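Chemist: Sequence:
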Amino acid sequence: MKNVSFRNKIIIKLLGAVAISFFISFGLTILILAYVIDPLFIKHEEFGMFEFNVAMLFLFAFAIFTFIILFLILVRKKIVYLKLISDNVNDIANGKLGLIIGIKGKDELTQLAKNINYMSKELENT
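Under the numbering used here, the sequence shown has 42 at position 48, and the numbering climbs by one with no breaks.
These are calculated hints, taken from the structure and not from any lab test.
Quick caveat, the model's predicted, so the values are computed rather than measured.
Don't take every hint at face value.
[Unchecked claim] Derived lysine-lysine pairs resembling BS3-like cross-links, with alpha carbons at most 30 Å apart:
hint : residue 1 : residue 2
1    : K90       : K71
2    : K77       : K37
3    : K100      : K77
4    : K3        : K98
5    : K115      : K98
6    : K72       : K37
7    : K3        : K71
8    : K3        : K72
9    : K100      : K7
10   : K100      : K71
11   : K108      : K7
12   : K90       : K72
13   : K115      : K72
14   : K71       : K37
15   : K72       : K100
16   : K108      : K98
17   : K90       : K115
18   : K37       : K108
19   : K7        : K77
20   : K37       : K3
21   : K90       : K37
22   : K7        : K37
23   : K108      : K90
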């Protein structure tokens, strides 16, 4: 089995996507806090603790939602490729021996696709 270089490992890409999603989400949350929520509460001094808690709840929900959306956007290509591999393995299991999966990238999913292609060819030859 061929070794995959460190920069092409899926874990590095996923951790990078998590970090990017976190920092962008955190930055947007700070901007909303500084330019929307804080001026709103300074302008309206009659707002109490309940209104503040509701605002913080919405801000927290926004931060989580932003993180999830950004993360899904960043890993979308890998998820689609994994679905392609899964569908092709299902086709091979249903009798389409010799089916070849398209090779994309140089990471562990690519190595998995190559190994499945080899297995499919060997099953077809037997």
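Chemist: Below or equal to 30 Å on CA atoms is what counts here, so check K37 against K108.
Modeler: Violated: K37 and K108 sit about 62 Å apart, past 30 Å.
Chemist: Measure nothing beyond the straight line between the CA atoms of K90 and K115; if it is 30 Å or shorter, mark the hint as holding.
Modeler: holds (10 Å)
Chemist: CA of K71 to CA of K37, is that 30 Å or under?
Modeler: Since the Cα atoms of K71 and K37 sit roughly 45 Å apart, the hinted pair is violated (cutoff 30 Å).
Chemist: Taking only the CA atoms, is the gap from K7 to K37 under or equal to 30 Å?
Modeler: violated (44 Å)
Chemist: Please verify whether K3 and K98 have alpha carbons no more than 30 Å apart.
Modeler: holds (14 Å)
Chemist: Next pair to validate is K7 with K77; report whether the Cα-Cα distance is within 30 Å.
Modeler: holds (18 Å)
Chemist: Is K100 within 30 Å of K77, Cα to Cα?
Modeler: holds (17 Å)
Chemist: Starting from K115, check that the Cα of K72 is at most 30 Å away, please.
Modeler: Holds: K115 and K72 sit about 24 Å apart, inside 30 Å.
Chemist: For the pair supplied as a hint, K100 and K71, is the alpha-carbon distance within the 30 Å limit?
Modeler: Given pair K100, K71 holds - Cα atoms ~13 Å apart, limit 30 Å.
Chemist: Checking one constraint from the list: CA of K108 to CA of K90, max 30 Å. Satisfied?
Modeler: Holds, at roughly 17 Å.
Chemist: Are the Cα positions of K72 and K100 separated by 30 Å at most?
Modeler: Holds - the C-alpha atoms of K100 and K72 are around 12 Å apart, at most 30 Å.
Chemist: Would the pair K108 and K7 pass a check requiring their Cα atoms to be no farther apart than 30 Å?
Modeler: This hinted pair holds, its Cα atoms lying about 20 Å apart.
Violated hints, listed in ascending order, are 2, 6, 14, 18, 20, 21 and 22; each of the other numbered hints is respected by the structure.
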